[in-house]
Amino acid sequence: MDSAFIIEKSVVIVTVFALTMIMAMYSTWAERKVAAFLQDRIGPNRAGAWGLLQPLADGLKFFSKEEFFPNTPNKFLFVVGPAIAMSTALMTSAVIPWGDKLHLFGRDIVLQATDIDVSLLYIFGVVSVGVYGIMIGGWASNNKFSLMGAVRAASQMVSYEVAMGLSMIALLMMTGTLSLKEISVQQAGMNWNVFYQPLSFLIFLICAFAETNRTPFDLAECESELIGGYHTEYSSMKMGFYLFAEYANMFISSAILSVLFFGGYNYPGMAWAIENWGVNTANILGFLALFIKICGFIFFYMWVRWTIPRFRYDQLMNLGWKILIPLSIINIIITGIVLLRNEILTFLGF
Amino acid sequence: MTFWERLYLIAIVKGLFITIKHLFTRKVTIQYPEQVRPFSPVYRGQHMLKRDEQGRENCTACGLCALSCPAEAITMKAAERKAGEEHLYREEKYAEIYEINMLRCIFCGLCEEACPKDAIYLTLSKELVPAQYHREDFIFGKDKLVMPLDVAMKNTQLKNAN
Numbered sequence: 053m054d055s056a057f058i059i060e061k062s063v064v065i066v067t068v069f070a071l072t073m074i075m076a077m078y079s080t081w082a083e084r085k086v087a088a089f090l091q092d093r094i095g096p097n098r099a100g101a102w103g104l105l106q107p108l109a110d111g112l113k114f115f116s117k118e119e120f121f122p123n124t125p126n127k128f129l130f131v132v133g134p135a136i137a138m139s140t141a142l143m144t145s146a147v148i149p150w151g152d153k154l155h156l157f158g159r160d161i162v163l164q165a166t167d168i169d170v171s172l173l174y175i176f177g178v179v180s181v182g183v184y185g186i187m188i189g190g191w192a193s194n195n196k197f198s199l200m201g202a203v204r205a206a207s208q209m210v211s212y213e214v215a216m217g218l219s220m221i222a223l224l225m226m227t228g229t230l231s232l233k234e235i236s237v238q239q240a241g242m243n244w245n246v247f248y249q250p251l252s253f254l255i256f257l258i259c260a261f262a263e264t265n266r267t268p269f270d271l272a273e274c275e276s277e278l279i280g281g282y283h284t285e286y287s288s289m290k291m292g293f294y295l296f297a298e299y300a301n302m303f304i305s306s307a308i309l310s311v312l313f314f315g316g317y318n319y320p321g322m323a324w325a326i327e328n329w330g331v332n333t334a335n336i337l338g339f340l341a342l343f344i345k346i347c348g349f350i351f352f353y354m355w356v357r358w359t360i361p362r363f364r365y366d367q368l369m370n371l372g373w374k375i376l377i378p379l380s381i382i383n384i385i386i387t388g389i390v391l392l393r394n395e396i397l398t399f400l401g402f
Numbered sequence: 153m154t155f156w157e158r159l160y161l162i163a164i165v166k167g168l169f170i171t172i173k174h175l176f177t178r179k180v181t182i183q184y185p186e187q188v189r190p191f192s193p194v195y196r197g198q199h200m201l202k203r204d205e206q207g208r209e210n211c212t213a214c215g216l217c218a219l220s221c222p223a224e225a226i227t228m229k230a231a232e233r234k235a236g237e238e239h240l241y242r243e244e245k246y247a248e249i250y251e252i253n254m255l256r257c258i259f260c261g262l263c264e265e266a267c268p269k270d271a272i273y274l275t276l277s278k279e280l281v282p283a284q285y286h287r288e289d290f291i292f293g294k295d296k297l298v299m300p301l302d303v304a305m306k307n308t309q310l311k312n313a314n
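Protein chains in written order, with our numbering: chain A, 53 to 402; chain B, 153 to 314.
Do not take every clue at face value.
[Stated by the list, open to error] Cross-link-like lysine-lysine pairs, in silico, DSBU-like; alpha carbons within 30 Å at most: (1) B:K269 to B:K306; (2) B:K166 to A:K113; (3) B:K229 to B:K294; (4) A:K374 to B:K294.
Honestly, the hints are just simulated from the structure, not real lab data.
Working from the sequences, and respecting the hints, build out all of it.
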């Protein structure tokens, strides 16, 4: 392992980290802007042009607020909760292929922090650890509302993780790999997985909403019932970390959706661009294409938030266990039949 | 419900189209300090304590306005007029302190109706109570409420001219 490699990877990691943070920051701004526009308002526009400095102002405000500790025997866990939520939210971005590669300084720089061959399992693992942040925080708050929120978040995430994993299996049967890089490469041209696995995409999308605790599945923090849910007792930057983690999660899940189903960094005419404009330009365009897809999904998250009201808790569980899981199993069976159609036909004697 | 209705997907897509339409509609926001909502011609706001033709304060601190105020926004303290202050106050009693809490006032105009001396009235002024950082700044004392002397004199001149 030479030093150039370490420098290269460090630069990529820092860039991805900064990108995630900036996107999470500006998602809060975008959320407020989109909310305002969908409600015929203008939204924040006083801090900087179009309110672009609003996230900075919000961050400053978070830092300057009193750090409140509830009367809890678990001060340590109370602090660990948001820390886990934040770190898991940032860890997932490590395996996402942000682009193919750049050719700089005589070496190929892969635009991905690390290309492990079990990327998808890694993401599932890290995302399920993220629940602990919410659970520990809600439990350590020593507050009934927080506990209710935490319990809801935990059960919701557990039940939707199943449907999410099952919907993935159909896709994995088709791609035959768990590496996100491989999956991106396979979708070159317009071979996007969404055209082959629309049902899988739909289930994954719904589960992604549930996993990120977004409306219509934001039962863990529904204001009308639980005040703030698991972050009721939090203040200052610890509260900020929870909110930040939520937006970082939204960004990452949008990225995963784009990579798995919408071709990742691929865009129509990419092969032509590599030939005529060179590797660097084409791949920077690829990164931009991925970025646009991600922003589209983030917008979709916000759009849905202001369209669909929150589910009731039993409806949520019904949808997860009685509809999505059977649907994804059916999807697996159909995919299996289509993949093995030749063998089946031979077996039946055609 | 039919199968497609039970899926809810179509309904959700329809709902999404309704919300996206609002993204492009005209925004109703009024950018307040720069842009002001048009007021009704009968609008009355911003109280004023009147002076008479000779520039003396009308208010005699009877307390009827404070009594009639549904928001309990008015406080006052009465004082006796000393010799030599006849050019300042019309009657023997006057309001030493007269305060209206603008955070409580609902601009109903009942104080104006209650006043037997025609002392307090709501003006045509379109100025709204400006934003402040401290609550104390919203308590308007006599310095802000009493009609300026030159205005009173000008009114007298106008009256005499007619």
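Status of the hints after comparison with the structure:
Proximity of K269 of chain B to K306 of chain B is assessed by CA-CA distance (about 20 Å); at most 30 Å being required, the pair is judged to hold. Distance restraint check for K166 of chain B and K113 of chain A: the Cα-Cα separation of roughly 39 Å exceeds the 30 Å cut-off, and the hinted pair is therefore not satisfied. For the given pair, K229 of chain B sits about 11 Å from K294 of chain B by alpha-carbon distance, which is consistent with the 30 Å threshold. Our distance criterion of 30 Å between C-alpha atoms is broken by K374 of chain A and K294 of chain B, whose separation comes to about 71 Å.
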